[in-house]
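Trainee: Fit chain W to the given chain E structure using the hints.
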Amino acid sequence: MAMTDAHSTGIGSWLTTVDHKRIAIMYFVVGFAFLLIAGVEGQLIRLQLAAPERSFLDPDLYNQLFTMHGTTMVFFAGMPLVVAFFNFVVPLQIGARDVAFPRLNAFSFWVFLFGGLFLYASVPLRVMPDGGWFAYMPLTNAEYSPGPGIDFYVLSLLISGVGSIAGGLNFLVTILNMRAPGMTFMRMPLFTWMALIVSALILLAFPPFTVGLIFMLFDRRFGTHFFDAAAGADPVLWQHLFWVFGHPEVYILILPAFGIVSDVIPTFSRKILFGYPVVVFSGVLIAFLGFGVWVHHMFSVGLGPVVNAVFGGATMLIAIPTGIKIFNWIATMWGGRLRFRTAMLFAVGLVATFTIGGLSGVMHSSPPADLQQTDTYFVVAHFHYVLIGGTVFGLFCGFYYWFPKATGRMLHEGLGKAHFWLSFIALNVTFFPMHFSGLLGMPRRTYTYAEGLGLDVFNLISTAGAFIFTLSFVPLVWNLWRAWRRGEAAGHNPWDASTLEWTMASPPPHYNFAEIPAVDRRDPLWHPYIEPESRREGDEPGGVVPRQQPEEPPEPVVMPNPSYWPLVLAVGMLLMTIGGLGSLGLTLFGLLVTAVGLFAWAFEPPFGGGVH
Amino acid sequence: MDAEPYLNRDFPETHIDTPLRRRAIAALVLLLGVLISQGCGGEYPQSALHPSSDSAEILDRLFDQIFWWAVGVFVVVAGMLIYVFVRFRERPGDARPKQVHGHLLLEVGWTLAPALILVAIAIPTIRAIFIIDRSTPDPEALVVEVIGKQWWWEFRYPELGIVTANEAHVPLGRTVDLRLRSADVMHSFWIPRLAGKRDLVPGIENQLWFRPDSVGVFHGQCAEFCGTAHALMGMRVIVDEPDDFERWARANAAPALTPGDAEARAGQGVFMANACVSCHAVRGTQAMGQFGPDLTHFGSRLTIASGVLENTPADLARWLDSTQHVKPGNLMPEVELSDAQVRQLVAYLGSLR
Chain E
1 MAMTDAHSTG IGSWLTTVDH KRIAIMYFVV GFAFLLIAGV EGQLIRLQLA APERSFLDPD
61 LYNQLFTMHG TTMVFFAGMP LVVAFFNFVV PLQIGARDVA FPRLNAFSFW VFLFGGLFLY
121 ASVPLRVMPD GGWFAYMPLT NAEYSPGPGI DFYVLSLLIS GVGSIAGGLN FLVTILNMRA
181 PGMTFMRMPL FTWMALIVSA LILLAFPPFT VGLIFMLFDR RFGTHFFDAA AGADPVLWQH
241 LFWVFGHPEV YILILPAFGI VSDVIPTFSR KILFGYPVVV FSGVLIAFLG FGVWVHHMFS
301 VGLGPVVNAV FGGATMLIAI PTGIKIFNWI ATMWGGRLRF RTAMLFAVGL VATFTIGGLS
361 GVMHSSPPAD LQQTDTYFVV AHFHYVLIGG TVFGLFCGFY YWFPKATGRM LHEGLGKAHF
421 WLSFIALNVT FFPMHFSGLL GMPRRTYTYA EGLGLDVFNL ISTAGAFIFT LSFVPLVWNL
481 WRAWRRGEAA GHNPWDASTL EWTMASPPPH YNFAEIPAVD RRDPLWHPYI EPESRREGDE
541 PGGVVPRQQP EEPPEPVVMP NPSYWPLVLA VGMLLMTIGG LGSLGLTLFG LLVTAVGLFA
601 WAFEPPFGGG VH
Chain W
613 MDAEPYLNRD FPETHIDTPL RRRAIAALVL LLGVLISQGC GGEYPQSALH PSSDSAEILD
673 RLFDQIFWWA VGVFVVVAGM LIYVFVRFRE RPGDARPKQV HGHLLLEVGW TLAPALILVA
733 IAIPTIRAIF IIDRSTPDPE ALVVEVIGKQ WWWEFRYPEL GIVTANEAHV PLGRTVDLRL
793 RSADVMHSFW IPRLAGKRDL VPGIENQLWF RPDSVGVFHG QCAEFCGTAH ALMGMRVIVD
853 EPDDFERWAR ANAAPALTPG DAEARAGQGV FMANACVSCH AVRGTQAMGQ FGPDLTHFGS
913 RLTIASGVLE NTPADLARWL DSTQHVKPGN LMPEVELSDA QVRQLVAYLG SLR
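Residue numbers (the working numbering), protein chains in the order written: chain E, 1 to 612; chain W, 613 to 965.
Next comes chain W alone, as it looks inside the complex:
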């Protein structure tokens, strides 16, 4: 039997495609314009495209190279597709086209061309891997231990005797050698402008290094899903001029100051008499808790609750009032405090500079 009766059957067709398509393409071009203008201007404190260290710079350059290869390939493929759509659209009365089984040379060609592009990508890639994935060769590097905990970061400077949380100060121009550990689940350390990600794996010590090349406050956050407050596990790395760093390090290695004014002293009393002491340490006092962040120099920090709030008296009061509202799921229990006690605590913590 012949298949002919089933050829060329036409079914009702509205021509919705042409104007819709044109509008679609116009919309996409517009979207692309908006995105590119967005992506190039503006402030992006957590951007991987604005490197500020040698390590991030290596990653960014590599990405740029691969990106332009990809754009080239896309232009070729999209160009061929558009040409094919326009040129080979069926027109009324067209006969069946010539049947082609294949073409050896063409097929070898489009096997080899991508292979060559991949070689061009693989060479700088492998070169970068053997720089980035190794320990830093710099013997002068500043070692900082990073311990990821649900849902905050502990930073320890073994050579300086400093323990702090969520904000690490480092000096400009000196390599920072991070030793990463986890106290509970998987986390991932990510400060995009300074370095790529490195996971914090229970039972394993990982390494990550970078040498910052400009001063400033660099934003980062946990990049491996770690539970309820994963989204709010932020951190800051503050790159200081070497002198400023020295000053910071000296101040932070010292035990806590005894508060001067009466309100702050009252706050210290509240702190020591409540559950605070069982989790937090304030060096130089009887508060030696290990579970929560070390608060010895809390007053010198920029943020509260791993980057959720600015460290202002008003925000600190808000935090102490309702920790679960500010950072849902966090492991700090809500302690019943009167308004006066909150005021006193705010004064005390603010005095810990």
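Isolated chain E, as found in the complex:
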């Protein structure tokens, strides 16, 4: 039955855990730490730009900082925080006891962690990458970036990418195969739906990027010519490989936030989601179209009028499903009974600020208009509205929503609201002026700007906003500390929400469901309040059985064994990665450790010592 191990809390239990809830907590803690680090980097950037011609940072350090800021935020803060929510919420929402491949899940976490640590090993060594998160060739080749900085970028993204692809596969299989009886596709909560879509996106978007990174590695280390114009190759190929990943990556970061908000708004409006199928399919459509728009990052490359027209048009199309979601959220609130808890504030904050980011996005979907906007602060404003106003607000929304479930403690509403309002103000004060500075002629990735361009006031306001951002973390940290010390008990369902994760105690037992629930409709906990759409489903109050999980499992539960092998495998890959900096011996040793880890993993009994 193997339940004893799960109650242990020693360090060994964390190193070997395959429990999706514990892995979620590790993802969250590490992702949040990287969020803070990258936030500090952003704050330093703003300090340098507070006034024209400052020399607080030298240009090389500045270039390293914006590279680390972008790379960290996307790969080591945004992605892991999204995956933290997948891990914690998806199995609970679909009525499963864990993910499909629990050890693979642990492995994904360890390689992600090692990728992040490896990238940051460049900081004490003072060789941070400085080619931007987009690392355009040929600036990043061995001739123009001879130091090891870019190698840290390439290798850290290669190793953490393995974890991302494994994670995408894991959640795809989990959602397809592990749903509780009766949990049909069209009964899945919206967050699970978006997790399904995003898993597919990860699986399809990361391979071209991985190929690009390997090409880059070969060009840099082995003298190949994949991106070498002098040898007849086209360096623009890198841009295609990067953005055919990079644009879906944006949806990898935003769709989970949309999913969270689509669960939270109905809960705090006390009204089911308006137009559920439309919200689901608009998410599918965004993901699908997301693969056909990457050239809108390259309108100034000069690919010709036909290419630009096609990709501009495709980009505009994305505004339609996005708009549908926004209107459906408003329609959900329309006629509801809105409870402005912190999670709800972040949700409606997302609707408001994401709308601004979406509309500026429409402005540069038009290729000619984009020729004045691309690579300026206008675009910086746009994607921070999308990634903070969308992704970060969505993740905070989910954080305030599921924190009681994950910890069994309530957060303080007053502190939560202070956090929301400070970050809402900070977002607008920091990034709204950037629309102006961009259109008035400030390019991105410049460590300084001349006096007399009229950009001084806008930059000063932006820097002030960044300070408010830093300040906004005070109530959050205070709130966490308070919850730790004397948070009120959460109970099973503090928000009176409608989905399966609220049927069990908080925090959930390690097996999640003492009894696998049977579901017969959407929003199962809100029946019998909801009138069925048509009468053919019958009049009996349905929903889910049992409505509240029993204290003890009626039958023995078999859970997967903890295992060291995912960690060993990840260590082997880390050694190979470090070896990639120039040590063949270390690479071969890493390969050996990896092989040992793989075989041991393969022959290890996955469940409770075999048969019970």
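Treat the hints as calculated values from the structure; they're not laboratory data.
Certain hints may be false.
[Stated by the list, open to error] To spell it out: a stretch of chain W is covered by chain E in this simulated footprint if at least three of its residues, at any positions, have a beta carbon under 8 Å from a beta carbon of chain E; those stretches are:
1. 656 to 665
2. 682 to 692
3. 799 to 806
4. 826 to 837
[Said to hold, decoys possible] Partner residues aside, some chain E positions facing chain W, computed with beta carbon under 8 Å:
5. N63
6. I272
7. A352
[As the list claims (entries may be wrong)] Stretch-level coverage of chain E by chain W, calculated; a stretch enters the list once three of its residues show a Cβ under 8 Å from a Cβ in chain W:
8. 299 to 306
9. 315 to 324
10. 358 to 364
11. 371 to 380
12. 431 to 441
13. 444 to 450
Built from N, CA and C at the ideal position, the CB exists for glycine as well.
Mentor: For chain W alone, coordinates are given in the frame of chain E:
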């Protein structure tokens, strides 16, 4: 089991939200006011919103159109949000609201309305693409070759036999047809008041054109990250009256003048005896370096080091003293020069008009 025991649980709540919110909204409105008043007045030499050519004008008009559509959509969405917040806030004793699954007509409506707006944006967009992204149809256009280098610009006028750096003169009213190439990494050519960006891609020749409609000095800079001194890769395009342009072109096509005064002649000696000659060309002398900017008519330029400093004797001396301090990362080596040599060089370079 019933879910009721978990309904309506209240948790300690301070009412920090109301005054904070009001202050927040007031602050944002104030901010918006400041920004708009800032954005409309003042001098913006590098602004995309103050077009001075046919090409920039097309982009600006298109942007205006899209901008107002966006404002319209935002007002509608924000209005609905505010209405919803006020009207549907839960009040004590409220019962559970009526549950609504959806509404086909409404949903079709808010699918079609944005689609129609997008069509209204797409039509002028596509029209503009097929003007902007094509070569200029003007056979009389003045061809200027632009070569981006870390971290400066070379301008070549093949029909006029001029090679210059960081500052291009063009005549008012004549289409300028730029041929863009890169000598090293990606760069992007951007003079916002005259044209949108076009990247300089190694191995490819790109085109960009515009016909300026007013005289003046137009600021621009590299817009694609290209390494250490990317921020200081500035340039100027100077639009002259046709007569002034003719004069400039004639002067700049000629070889360098032999310096008249003794100090400048001494400076020429310093120039030719030091590392300067290996990178810089001064046509008419034995200096034929190709790596750095052509200095044949350096004295007639407005700025030094691609727009970093004004071209004054004092600033030129500063530049020669410590190039790495003025423009960190630039590829001009620091040459050991005495104060007297710097003075002589300043006199020589200033004489190259």
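Trainee: Does each hint fit the structure? Answer for all of them.
Mentor: Each hint, compared with the structure:
{"no.": "1", "hint": "656 to 665", "verdict": "holds (count 6)"}
{"no.": "2", "hint": "682 to 692", "verdict": "holds (count 6)"}
{"no.": "3", "hint": "799 to 806", "verdict": "holds (count 3)"}
{"no.": "4", "hint": "826 to 837", "verdict": "holds (count 6)"}
{"no.": "5", "hint": "N63", "verdict": "holds (7 Å)"}
{"no.": "6", "hint": "I272", "verdict": "holds (5 Å)"}
{"no.": "7", "hint": "A352", "verdict": "holds (6 Å)"}
{"no.": "8", "hint": "299 to 306", "verdict": "holds (count 5)"}
{"no.": "9", "hint": "315 to 324", "verdict": "holds (count 6)"}
{"no.": "10", "hint": "358 to 364", "verdict": "holds (count 4)"}
{"no.": "11", "hint": "371 to 380", "verdict": "holds (count 6)"}
{"no.": "12", "hint": "431 to 441", "verdict": "holds (count 6)"}
{"no.": "13", "hint": "444 to 450", "verdict": "holds (count 7)"}
Consistency with the previously given hints is maintained throughout, with no hint failing.
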